[in-house]
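Enquirer: As a plain string of letters, each chain reads:
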Amino acid sequence: MSERRVGGGHRRPGSGGFERWAWFFMRISGVALLGLAVFHLLWMHFAIGVDNIDFQTVVRRWSNPLWRLYDFALLAFALGHGLNGLRTVIDEYVESPGWKLGVKTAAALIGFLVGAAGFYVIFTFDVPVS
Amino acid sequence: MSSNDNDRSTSPGHMLRYRGGLGMAMWALHRVTGLGVLAFLLLHVVDIFLITFGEEVFNELLVIYTAPWARVMEVFLLFGVLFHALNGLRIAVQDFWPTAWLEEGRLIALQLTVFVIAFVPAAWLMLEPLFE
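Chains as they are written, first to last, in the working numbering: chain A, 1 to 130; chain B, 1 to 132.
Worth flagging that the hints you see were computed from the coordinates, not collected in a lab. Among the hints, erroneous ones may be present.
Claimed, not checked - Below, computed lysine to any residue pairings styled on SDA-like, alpha-carbon distance capped at 20 Å:
hint : chain 1 : residue 1 : chain 2 : residue 2
1    : A       : LYS100    : B       : ARG31
2    : A       : LYS104    : B       : LEU35
3    : A       : LYS104    : B       : GLY36
4    : A       : LYS100    : B       : LEU35
5    : A       : LYS104    : B       : PHE40
Chain B on its own, in the form it takes in the complex:
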């Protein structure tokens, strides 16, 4: 960490203004979605581990994936995984092909386009059974 990073404020309002713009919003979303997906991963390993308690216990437990509220959480999970994956891919591309940094704005636009095309139909298909 460079020394001039130490005095930065991390309040939400400041976070949106710090250096500002789309890049900063991408950074904040990358961090929030990363922590969210990690939290889900830890829970998910525990729920699958509970299969060692036998068929009845495990089948009972799976309501955490079939309940209506679980479907809404799953859409959040899809949002987090998909956003983090595409934004991370952009970061990796820009790191390994440094000239791509000059096109960061266009790459973010491309990334968000792919995100919307993948996320919106999948999220709709996940939520649609709730309205039947």
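Excised from the complex, chain A in its bound form:
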């Protein structure tokens, strides 16, 4: 792990490889999520109205493949960004190698299961024929 900075973030890892790639991913996905996640939250709460959301709202949304694509991008970036952030936190707080492996394995397993459930429902949800 590269040196942590005061104010958040880490210095760019000097050598190539996975850590440097992850460092770039966090910044690119982070800027993308600033748009994707903030828009999603405000759109669902204010434009659609959080009290109006029900099964039919999701049906209407997912009748349009572009909204499925939007939700796919949001989930992919958010899950990748969040799980990689969690990996950094585990690296810094869990010191024993055994615990580190155990906690990371548990996190990866939960991430995989939740990701699988999310991608599955986004792509396979059948719009009921009314």
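Go by the hints and put chain B onto chain A.
Expert: Showing chain B alone in chain A's frame:
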């Protein structure tokens, strides 16, 4: 991680004093909001996945977004997403344009100004129906 990081204390009191100042507070808030938003993301994927159980089950479940306590939680979520997004944007800007580090204090002031302008009215609009 550099070796001199290994012996640092992570108690709350020490965390506020460690290197101190606004930068440290930003770092701590970035970490707490990041973990909080991740926790919500995992729950949110599960609640949307439950749409596969059918219309009745799903509509019943959505009380977790319409109940008054849910509205308060939603304001926390907005706080976390907005703070983490703006602070992360500042970090990315400072990383890709290194001279921006010299202006970190001003950038934090700008970031917090934008945060307050966006968060306060949105939070008010979210909570206002609770007082009617």
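Enquirer: Indicate, hint by hint, whether the structure satisfies it.
Expert: Hint check:
Restraint check for LYS100/A and ARG31/B: satisfied, since their Cα atoms lie roughly 19 Å apart, inside the 20 Å limit. For the hint pairing LYS104/A with LEU35/B, the CA-to-CA distance comes to about 15 Å; that is within 20 Å, so the pair holds. Of the pairs offered as hints, the one joining LYS104/A and GLY36/B holds, with about 18 Å between alpha carbons and a cut-off of 20 Å not exceeded. Taken as a hint, the LYS100/A and LEU35/B pair is honoured in the structure, with Cα atoms around 17 Å apart against an allowance of 20 Å.
Straight-line distance between C-alpha atoms of LYS104/A and PHE40/B comes to about 19 Å, which keeps the hinted pair within the 20 Å bound.
In summary, this structure violates none of the numbered hints.
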